[in-house]
Amino acid sequence: MEYEEIIQAIQQAAGGVSREAAERAAQATLQTLAERLPRGEARHIQQELPAELKPWIYTETDAAALDIDEFLGRVAVREGTDVETALRHARAVFAALGRALSPEAVGHLAAALPQTYDPLVAEAEFRYLEIMPADQFWDRVGERLGLGRAEARQVTEAVLETLAERIAAGQVEEPDGPARSAAAPAAAAGHGVRHTRRAADVTRGLPAPGGHA
Numbered sequence: 001m002e003y004e005e006i007i008q009a010i011q012q013a014a015g016g017v018s019r020e021a022a023e024r025a026a027q028a029t030l031q032t033l034a035e036r037l038p039r040g041e042a043r044h045i046q047q048e049l050p051a052e053l054k055p056w057i058y059t060e061t062d063a064a065a066l067d068i069d070e071f072l073g074r075v076a077v078r079e080g081t082d083v084e085t086a087l088r089h090a091r092a093v094f095a096a097l098g099r100a101l102s103p104e105a106v107g108h109l110a111a112a113l114p115q116t117y118d119p120l121v122a123e124a125e126f127r128y129l130e131i132m133p134a135d136q137f138w139d140r141v142g143e144r145l146g147l148g149r150a151e152a153r154q155v156t157e158a159v160l161e162t163l164a165e166r167i168a169a170g171q172v173e174e175p176d177g178p179a180r181s182a183a184a185p186a187a188a189a190g191h192g193v194r195h196t197r198r199a200a201d202v203t204r205g206l207p208a209p210g211g212h213a
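Using our numbering, you'd call the opening residue of the sequence shown number 1 and step up by one each time.
Any given hint could be a false lead.
[Stated by the list, open to error] Label-pair ranges, simulated between beta-carbon atoms: (1) R19 with A64: 25 to 31 Å; (2) A51 with S18: 18 to 24 Å; (3) A169 with P38: 51 to 57 Å; (4) A65 with G146: 22 to 28 Å; (5) R149 with E104: 24 to 30 Å.
[Claimed, not checked] With a straight-line cut-off of 25 Å between C-alpha atoms, the simulated DMTMM-like cross-links for lysine to aspartate or glutamate are: (6) K54 with E2; (7) K54 with E157; (8) K54 with D135; (9) K54 with E5; (10) K54 with D67; (11) K54 with E79; (12) K54 with E20; (13) K54 with E35; (14) K54 with E70; (15) K54 with E4.
Hints listed in this document are in silico derivations from the structure and should not be mistaken for laboratory results.
We put the beta carbon where it would ideally sit given N, CA and C, even for glycine.
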């Protein structure tokens with residue numbers, strides 16, 4: 001992926017933030033990641049990124065034993081924002097890395113980070129991430145569509161009911177693909193919404209796991 005594509009991917013994964021915000025997020029996250037990774041792993045990632053991003057992941061120091069809270073704290077300081085926003089942006093950057101890096105590089109990245117980094121690593125691997133309360137899910141849909149919670153819920157349920165009818169009629173060729181990912185929130189409504197992430201979800205512009213903007 002080229003630099004512009006990566007920045008656009010971050011913008012999309014972060015819910016449509018500005019280009020400037022996406023660039024700040026990329027720089028803050030990659031610089032902090034360079035501090036956390038062993039030099040060899042950081043250089044491995046650097047080789048697969050465009051020239052504009054290489055300085056941000058470059059390091060000559062040994063890995064710092066940062067836990068996830070310390071990592072996000074440093075990202076927040078570099079961005080000049082709060083930790084919650086830093087987490088949202090770091091997830092978007094990791095999601096973009098998942099698209100920009102080879103599967104081997106993503107695997108090395110995952111292996112180099114402890115289990116506590118799973119909320120970030122899961123983004124790069126396009127897999128299960130978290131449980132979102134149903135009300136928060138409806139609010140997030142409403143934000144994207146410019147609707148209130150009740151209207152967002154009605155629209156979402158109508159779409160999912162139509163998908164269910166298509167699946168029942170055998171009109172959906174890949175029931176384990178994006179359609180099922182989209183159907184999961186309705187099944188969990190009232191108890192919390194389980195989000196999964198696949199590469200197809202990203203390329204088709206579906207909301208990112210966690211639903212953060």
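Between K54 and E70, does the CA-CA distance stay at or below 25 Å? 23 Å, holds
Assess, step by step, whether the Cα of K54 is no farther than 25 Å from the Cα of E20, and give holds or violated. 18 Å, holds
Would the hint linking K54 and E157 be met if the CA-CA limit is 25 Å? Status violated; Cα separation ~44 Å.
Is it true that the CA of K54 sits at most 25 Å from the CA of D135? 40 Å, violated
Given the proposed pairing of K54 with D67, does the C-alpha separation stay at or below 25 Å? 24 Å, holds
Starting from K54, check that the Cα of E5 is at most 25 Å away, please. 15 Å, holds
Is K54 within 25 Å of E79, Cα to Cα? Within the cut-off at roughly 18 Å; holds.
Does E4 lie within 25 Å of K54 when you go C-alpha to C-alpha? Answer holds: K54 to E4 is near 14 Å, not above 25 Å.
Between the beta carbons of A169 and P38, is the distance compatible with 51 to 57 Å? 52 Å, holds
Range agreement (Cβ of A64 with Cβ of R19, hint 25 to 31 Å): 30 Å, holds
Measure nothing beyond the straight line between the CA atoms of K54 and E2; if it is 25 Å or shorter, mark the hint as holding. Holds, at about 12 Å.
Quick check: does the Cβ-Cβ distance between A51 and S18 fall within 18 to 24 Å? Given about 23 Å between the Cβ atoms, the range holds.
Going down the numbered hints, you'll see the structure goes against 4, 5, 7, 8, while the others check out.
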